Amino acid sequence: MVGKGDSILEAAMDCGINIEHACGGVCACSTCHIYVEGGGSSLSEATEAEEDRVEEAPGLQRNSRLSCQCIVEGNGPIVVRVPSWNRNAVKEDPH
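Just so you know, we're using this note's numbering here: the sequence shown kicks off at 38 and counts up by one.
Just so you know, the hints here were simulated from the structure itself, not pulled from any lab data.
Please note that the accuracy of each hint is not assured.
Pair ranges (Cβ atoms, derived) [said to hold, decoys possible]:
| hint | residue 1 | residue 2 | range |
| --- | --- | --- | --- |
| 1 | 89 | 120 | 14 to 20 Å |
| 2 | 118 | 51 | 16 to 22 Å |
| 3 | 95 | 40 | 29 to 35 Å |
| 4 | 52 | 85 | 26 to 32 Å |
What you are looking at is a predicted structure, and each value in this text was computed from that prediction instead of being measured.
Heads up, the beta-carbon is just placed ideally off N, CA and C, and yes, glycines get one too.
Please model the entire structure based on the sequences and the hints provided.
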């Protein structure tokens, strides 16, 4: 269950989905780049620091965010997609 105040990165890891995050989730790289496909209104607004950092990510789109900086603030469903160039770094842990 994803709770308010959790980042998308934390939520994914809690569900056994490992999204690459070379900096440890502190907005110092762009390896946890995702696309927010739906439910963006349930997430925190991007900070200036996140906007500056996400610009370094390949495949930048209008819905690009850093999963370590997307904080769940609402109750609605949220849909994210990992960019195809980064899918080899995403692994689901066996249950």
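Verdict for residue 118, residue 51 (Cβ pair) under range 16 to 22 Å: Holds, since residue 118 and residue 51 (Cβ atoms, about 19 Å apart) stay within the stated range.
Range hint 26 to 32 Å (beta carbons of residue 52 and residue 85) holds or violated: holds (29 Å)
Cβ separation of residue 89 and residue 120, checked against the hinted range 14 to 20 Å: Holds, at about 19 Å.
Cβ distance range 29 to 35 Å for residue 95 and residue 40, holds or violated: At roughly 31 Å between Cβ atoms, residue 40 and residue 95 fall inside 29 to 35 Å, so the hint holds.
Consistency with the previously given hints is maintained throughout, with no hint failing.
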